[in-house]
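Residue numbers (the working numbering), protein chains in the order written: chain A, 13 to 620; chain B, 42 to 409.
These are computed hints drawn from the structure, not numbers from a lab. One should not assume that every hint holds.
[Claimed, not checked] Now the stretches of chain B that chain A is said to cover, found in silico as 3 or more residues with beta-carbon under 8 Å:
(1) 219-228
(2) 280-287
(3) 315-323
(4) 326-333
(5) 367-373
Even for Gly, the Cβ is constructed at its ideal location relative to N, Cα and C.
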Amino acid sequence: MRSFSPPPSLADRRDGGRRRVTAIATVVLAALLVIIGQLWYLQVLEGGRFQEASDKNRIRIRPIAAPRGILFDRHGMPLVDNRPAFTLSLIPRELDRDVERRDAALGRVASLLDIPYAELLEAVTRVPPDSLGPVRVRRGLSLEDVAKVEEWKLELPGVIVEVEPQRAYPTSRFAAHLLGYVREANDEQLKQGRYRRGELVGQTGLERLLDDFLRGKDGGERIEVDAMGRPVRLIQQTEPHPGAQVVTTIDRRIQEAAERAMDGHAGAVVVMDPRNGDVLALVSTPAFEIDRFTGAIDRTAWLRVVQDPEHPLLNRTIQSTYAPGSVFKIVVAAAGLQEGAITPMERTSCGGAFTLGAWTFKDWKEGGHGVVDLHHAIAQSCNIYFYEAGLKIGGNTIGRYARAFGFGEATGIDLGAERFGLIPEPKLRRDKKQRPWSGGDVVNMSIGQGAVLVTPMQVARFMAAVANGGVLWKPRLVQRIERPDRGVVWSDPGHVNGHVELSPVVWAFLKQSLWAVVNDGGTGAGAKIPGLDVAGKTGTAQMISKSKAEKGQDHAWFASFAPVKDPEVVVIVLVERGGKGGQVAAPIARKILNAIFFEKVASVDLAG
Amino acid sequence: MRASAVPLIDRRLLQNVDWPLLGASIALVLMSAVTLSTLHVGRAGGTVAFRQLAWFGVGLMALLVTASVDYRKLVRAAPAFYVLGMAGLAAVFMVGKTVSGARRWIGVGSFSVQPSEIFKLCFVLMAVWALTSRWARPIGPGTIGFTLVATAVPAVLIVKQPDLGTALLLMPVLIALLVGAGTQLRLLGGLLIAGVSTLPVAWIAMKDYQRERIMVYLDPFRDPLGSAYNVIQAKIAIGSGQLLGKGIAGATQSQLAFLPERHTDFIFAVFAEMWGFVGCLVLLICYALLLLRGFDIAASAREPVGRLVALGATALLATQILINVGMVTGLLPVVGVPLPLMSYGGSSMLVSLIALGLLLSVRMRQFQ
Numbered sequence: 013m014r015s016f017s018p019p020p021s022l023a024d025r026r027d028g029g030r031r032r033v034t035a036i037a038t039v040v041l042a043a044l045l046v047i048i049g050q051l052w053y054l055q056v057l058e059g060g061r062f063q064e065a066s067d068k069n070r071i072r073i074r075p076i077a078a079p080r081g082i083l084f085d086r087h088g089m090p091l092v093d094n095r096p097a098f099t100l101s102l103i104p105r106e107l108d109r110d111v112e113r114r115d116a117a118l119g120r121v122a123s124l125l126d127i128p129y130a131e132l133l134e135a136v137t138r139v140p141p142d143s144l145g146p147v148r149v150r151r152g153l154s155l156e157d158v159a160k161v162e163e164w165k166l167e168l169p170g171v172i173v174e175v176e177p178q179r180a181y182p183t184s185r186f187a188a189h190l191l192g193y194v195r196e197a198n199d200e201q202l203k204q205g206r207y208r209r210g211e212l213v214g215q216t217g218l219e220r221l222l223d224d225f226l227r228g229k230d231g232g233e234r235i236e237v238d239a240m241g242r243p244v245r246l247i248q249q250t251e252p253h254p255g256a257q258v259v260t261t262i263d264r265r266i267q268e269a270a271e272r273a274m275d276g277h278a279g280a281v282v283v284m285d286p287r288n289g290d291v292l293a294l295v296s297t298p299a300f301e302i303d304r305f306t307g308a309i310d311r312t313a314w315l316r317v318v319q320d321p322e323h324p325l326l327n328r329t330i331q332s333t334y335a336p337g338s339v340f341k342i343v344v345a346a347a348g349l350q351e352g353a354i355t356p357m358e359r360t361s362c363g364g365a366f367t368l369g370a371w372t373f374k375d376w377k378e379g380g381h382g383v384v385d386l387h388h389a390i391a392q393s394c395n396i397y398f399y400e401a402g403l404k405i406g407g408n409t410i411g412r413y414a415r416a417f418g419f420g421e422a423t424g425i426d427l428g429a430e431r432f433g434l435i436p437e438p439k440l441r442r443d444k445k446q447r448p449w450s451g452g453d454v455v456n457m458s459i460g461q462g463a464v465l466v467t468p469m470q471v472a473r474f475m476a477a478v479a480n481g482g483v484l485w486k487p488r489l490v491q492r493i494e495r496p497d498r499g500v501v502w503s504d505p506g507h508v509n510g511h512v513e514l515s516p517v518v519w520a521f522l523k524q525s526l527w528a529v530v531n532d533g534g535t536g537a538g539a540k541i542p543g544l545d546v547a548g549k550t551g552t553a554q555m556i557s558k559s560k561a562e563k564g565q566d567h568a569w570f571a572s573f574a575p576v577k578d579p580e581v582v583v584i585v586l587v588e589r590g591g592k593g594g595q596v597a598a599p600i601a602r603k604i605l606n607a608i609f610f611e612k613v614a615s616v617d618l619a620g
Numbered sequence: 042m043r044a045s046a047v048p049l050i051d052r053r054l055l056q057n058v059d060w061p062l063l064g065a066s067i068a069l070v071l072m073s074a075v076t077l078s079t080l081h082v083g084r085a086g087g088t089v090a091f092r093q094l095a096w097f098g099v100g101l102m103a104l105l106v107t108a109s110v111d112y113r114k115l116v117r118a119a120p121a122f123y124v125l126g127m128a129g130l131a132a133v134f135m136v137g138k139t140v141s142g143a144r145r146w147i148g149v150g151s152f153s154v155q156p157s158e159i160f161k162l163c164f165v166l167m168a169v170w171a172l173t174s175r176w177a178r179p180i181g182p183g184t185i186g187f188t189l190v191a192t193a194v195p196a197v198l199i200v201k202q203p204d205l206g207t208a209l210l211l212m213p214v215l216i217a218l219l220v221g222a223g224t225q226l227r228l229l230g231g232l233l234i235a236g237v238s239t240l241p242v243a244w245i246a247m248k249d250y251q252r253e254r255i256m257v258y259l260d261p262f263r264d265p266l267g268s269a270y271n272v273i274q275a276k277i278a279i280g281s282g283q284l285l286g287k288g289i290a291g292a293t294q295s296q297l298a299f300l301p302e303r304h305t306d307f308i309f310a311v312f313a314e315m316w317g318f319v320g321c322l323v324l325l326i327c328y329a330l331l332l333l334r335g336f337d338i339a340a341s342a343r344e345p346v347g348r349l350v351a352l353g354a355t356a357l358l359a360t361q362i363l364i365n366v367g368m369v370t371g372l373l374p375v376v377g378v379p380l381p382l383m384s385y386g387g388s389s390m391l392v393s394l395i396a397l398g399l400l401l402s403v404r405m406r407q408f409q
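Next comes chain A alone, as it looks inside the complex:
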């Protein structure tokens, strides 16, 4: 049957099959055209963008830190140097991709090095996970820590120990306030956009002030890496430019001697050259451990310093004001002599107390000094004499001389954040006319009490003016800044802030009296050094009215210069709550002076 039935036309069936094959072929060709369209889009339209992406894939930029500039003392001894230090860093790209295993590794690091786990986690999460740049977690690892990390190296992918230059100081607290500390740029500084994350920035002192000079310019390497992040070849390298070198006016030997002399006391020391205003030593105690502040300090250590009731971060030489106490009597004497209000011949009987209206002012010495003239009043620091003298001279005149000697205004020292102190004026009345001075205010001012406030640096500048015959130097800290490639880029020839014109006789008298303070039975005998003519003035500044304060709550001052004939150094010592200036501050000054003039032995080398 089948063979007879007419088969469906063979040609028809073949044509039908042909059409269907053609249809399938058309679909396939259309799909190929879509693919070509996609290739056109990827390679021609978006090609540039993908080219960039592929460069970003393969090119890594590795910064090379420029060594920070070094600060030298006036004799070329380094005050701070750089030393290779170990830094624990994480490389996000090389950490385990598996979050659980990554966190386990971070936990291991936390327990090995006693770093809070949260700190590590935070460090990892603040950068993109494919970044190859190391994230610094902890600077200044000990060799022991390094050994622990190396031991676990295989289990800790992406955890590396880098060697970075780090600040090194002769001792832990060496010149902490003068130099200032260097730390990673904080969030605020990062916001200003001048610094990169992890970059070290001077935060206080000279490190901050001269940061632009000290920082130098980082170099960098453009490296081609493979997919595993392994460097394949160096594409380009830019050499780092080291920071400039700073030559300061500091004498490291004197600085160290002054720090030793202040050991155990809170207070300040300023050593200045009265011939040019050079600051030879600048000490504020208690100091903070400057080496622990370098790099990334841990939070607890930081809080301990910030919350310390002794305020170790405060630079007491310029940021703290004190009543000058009897040191101020030099100003009163100068004013009285120059204005003719008092003469060396006049004598006063000191019975230990002075009555003004309803008030009684006491001398520091029970029973008084007996009959004294100006010379003895200075040497013995007789208050009664100066109460009377002050009233004769008048508050306005004393204030005028005090301001002429630079009190109540900034010294202009290159450290910033300086306080001005205060020389009181009579209070203004409602109608803005000056009220006349009250006798009590003048009496208090005459012995440097009451509202009078000064900084140790102001006292140093003043004492230098007494020593050099009236020249008020701007305290100089930095002599010059040199760049290795360009020589001296900045220098400070010294600036005179003003002159105090007094009769030569007055200068001579003041020096003579100040010499007597130390050498002729005066209050400053504790600073006497045989063979050296030291001149000085003690001061005991009452913090609060004596009735409430315990004994020993007074600030002790000793302001001195030596040798009397051609003064070379001014030494100012302030001991907070130290007691009497003559008993506490003068011996410290003596140690410093002794070191300056007689111990010419070089000190230990920097950083062992």
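Assemble the complex: chain A is given as a structure, and chain B must be docked to it using the hints.
Positioned in the frame of chain A, the structure of chain B alone reads:
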């Protein structure tokens, strides 16, 4: 007239060899060898290119043998091939080697054979056998049902390896064969609707990593270092090739190993980075030429078996090419499908050349 019992002697057969088809294939294999020779892959190093050429030689022999045998004989033996192929798939579960989480290979001496690759050919022959057998005609729901079962059972086995890519190939090839066999469009439409309605089931049956691949396809920046890494790096490689390519030395994406699977599934991205849009166009034209010759052989075949064998072989190659290039260029989700004649891999090379052998066989016998 029946095919000659003595192969390769009949002069008339040789007169009908499809030289453009062979030419395009050889050009593609050469491009593959050049590309592979620039890659320093794992332990194999530069030998990958030589191994690929060696496999090409083996494949060429297989091609000759296939072409010399009458395809109708092969179709008649299809059920036997199919059972053997299924046995191979089953064997993978018992003696298979696990490579990067998938059991796809069986060790034979120092070689590894991928039964799922070989099975593709068995499947094409089986489908042709089913659609051209007397009992199956005219093609109705029964025939379609039979072919669907014959597809689904091995597909499940292959998915379990897991080798989703190969399993996914079977369906488009079957549809092409059903269309080519003259199935009524109404039935095909019904099949399509049924297929779409099973997609949710497929989603549930998928493995997590497979679902992740689809999510990544929809949103490539979901996980740039994890599951989306391949897709992103492949796009960067292709795109950065721009119009004229970076050349061999400048192809950093592949030379510095940012591109994964670069000698196998992602070889197209390597090629695109080196030779740019122009190079891709040349490559795709070679493939288009190859496929068009295949479709032409199918269209010119005088009887249904020859037409369907040619169509099946061509559809098999076309599906692999489109899925592979589609996934590498980011048009399709990532599934493991090699690029015929380009991707490194012996089984794939062998299967592609046998498919070409089937095409030649049909062409040579179209006037008989």
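Problem set entry | Hint check against the structure, violated hint numbers in rising order | Violated: none.
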